[in-house]
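Novice: Those protein sequence lines, which keep their order, are chains A and B.
Under this note's numbering, the first residue of the first sequence is numbered 3, with each subsequent residue one higher.
Under this note's numbering, the first residue of the second sequence is numbered 3, with each subsequent residue one higher.
Misleading hints may appear alongside valid ones.
It does not matter which identical chain is used: a pair holds within one copy or between any two.
[As the list claims (entries may be wrong)] In silico DSS-like links for lysine-lysine, alpha-carbon gap of 25 Å or less: (1) K305 / K222; (2) K5 / K100; (3) K252 / K287.
Bear in mind the hints are in silico, worked out from the structure with no lab data behind them.
Single-letter residue listing:
Number of protein chains: 2
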Amino acid sequence: MNKLKNDTFLRALLRQPTEHTPIWLMRQAGRYLPEYCETRRRAGNFMNLCKNPRMACEVTLQPLARYDLDAAILFSDILTVPDAMGLGLYFAEGEGPKFERPLREEWEIRNLAAPDPGVELRYVMDAVAEIRRALDNSVPLIGFSGSPFTLACYMIEGGASDDFRTIKSMLYDRPDLLHHVLAVNAEAVTAYLNAQIECGAQAVMIFDTWGGTLSQRAYKEFSLAYMQRIVEGLTREHGGARIPSIVFTKGGGQWLEDITSIGCDAVGLDWTTDIGAARRRVGDKVALQGNLDPMTLFAQPDKIAQEACAILDAFGPGSGHVFNLGHGISQFTPPEHVAALVNAVHEHSRKLRQT
Amino acid sequence: MNKLKNDTFLRALLRQPTEHTPIWLMRQAGRYLPEYCETRRRAGNFMNLCKNPRMACEVTLQPLARYDLDAAILFSDILTVPDAMGLGLYFAEGEGPKFERPLREEWEIRNLAAPDPGVELRYVMDAVAEIRRALDNSVPLIGFSGSPFTLACYMIEGGASDDFRTIKSMLYDRPDLLHHVLAVNAEAVTAYLNAQIECGAQAVMIFDTWGGTLSQRAYKEFSLAYMQRIVEGLTREHGGARIPSIVFTKGGGQWLEDITSIGCDAVGLDWTTDIGAARRRVGDKVALQGNLDPMTLFAQPDKIAQEACAILDAFGPGSGHVFNLGHGISQFTPPEHVAALVNAVHEHSRKLRQT
């Protein structure tokens, strides 16, 4: 195994001491970067970009060229798995992800099967391998997937929803059907993440974008239980290195104790949770990742630094913190403001360790 | 003072014993009712309906004719106050509320002034008085307003927003300007709610729809502090009766202790918070209102009853619970499902009191 030049991110996830607090940003390879827009233009559309390993590698590395980030994250979409199940993922301009063939009938649900990540998701595995080669052990590469419940939201609603009426009707009226979808999704995501690890992902993250729209009882039964299945099935070690896992439920701040209990190494926090209080609640069970409001990046650099330092101070001394936004970076973010954030986090966290 | 035939709602807000758990539904006079759609059609548009006291009275009473609800709520909009400030509220079809003249310039913010509720908001006061007469002391009438921060979101963004980029940029870069808007809003809302009480509102509720999009620190400084000013300025007693106040921050489940401390009588909960855990956290300081997921109403009646009973059981024995949804009822709700909910809450809560 080759040694990473900067393994701060991995050590922080395992709550080992680090010289500074590592930082990466959800959606760091994205539309706020002009070079990303240029590559995407060349690709023709978003799915072409995801499915072309060379281009996916190119955009994955773009933010690392600009900023002193401590991790790379695979450029892909959270919905590749249901696309590989045959639902036909596409992106209508300005409308977010949609499926051509959402799950409407009971027989469609009963026929659902986990794809073979080495076949239907080969393009993702090729991208992971290509990015690892290109990174040349500079920083670790994060693999990821959407959570079973979040995937099911899109698979059943057919796209984004502001009330999740279709999936919630199923949840209350036909929980057996929803449980079937979720079980297939959990099996598929486990195989998908393990294949990413096999191809070189050095940490994995599960994005539960919509679990936070559930009641606590429904969250535990329909979202968290299936993320637990995944975490329990993940490859723990690869090439002699521990592969940490991060679970992030947007809007899950009320359920931190529950999330912490499923065996993941780190828990992502959105910006509504005070990270100091969160740390007291989770104790030494997990590391925490987060949690700056992405809208903070629209303020002037001195105000951005001030808000970032407040989060570092709230977390307090000791290890186990990966700095991040509380949600994906906005496409309208001024790129130079990101540099101000990264520098503030590195500088202030180094200072904190000296006192 | 005339005696109410059914004062269960008011007693529950004051944590006094009741024979059953009272229930009303946020947005109970709304588009899911065909009779509402008919009146709205006659009015021509939503704002005409709000500004015509006779029609506002008519739609306020419609859900009470159908269901055995324990309270009426003034039919109006949360944004009447900024409209009265001259910002020009209008509703573009299928797009939600908008302002013709959002706050863009510093001088516009500096010129902002609280309206006189007896003049610019006379139509609301006339509606309150007319509804009280029509209710004839059957059930209590709830008055309401949007919270200062929620009003500011629309006033500054100009309409609904999915990221609140404009107001949050102001929050981080020019907190002095935002504080000015919020101070004027708090003064205006206090006068507005007190005028509603003067005209007959028997309880008041503050809707903080967007406070939950803030970090905890920002929430306390920019939303909760101004709701506290309002609560402190509210008329506590009118015509010999105590006027209870309810504060509802959607997504505020993490900050219950903070909300409870501002002096309101009851706290609204959305459906993401377990009401049993919430009750243990707030103790005997406030009553709780909530908290069924509005999407539950798309399930079959027996499943609706089951979910409602689970909430009543989670709250447990003793008083201090007003049953409600965790957010406004969906326009697509089958009206007969609401009857199933109301009956289940009344029946099961009566049974609970007998054991």
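Novice: All hints, please: hold or fail.
Specialist: To see whether the hints hold, each was checked on the structure:
Only between protomers do K305 and K222 lie at most 25 Å apart by alpha-carbon distance; the minimum there is 18 Å, versus 38 Å within a single protomer. Within a single copy, K5 and K100 get their C-alpha atoms no closer than 41 Å, and across copies no closer than 56 Å, so neither meets the 25 Å cut-off. For the identical chains of this complex, K252 and K287 are intra-copy neighbours only, at 20 Å inside a copy versus 30 Å across copies, given an alpha-carbon limit of 25 Å.
Consistency note: the structure conflicts with earlier hint 2 alone.
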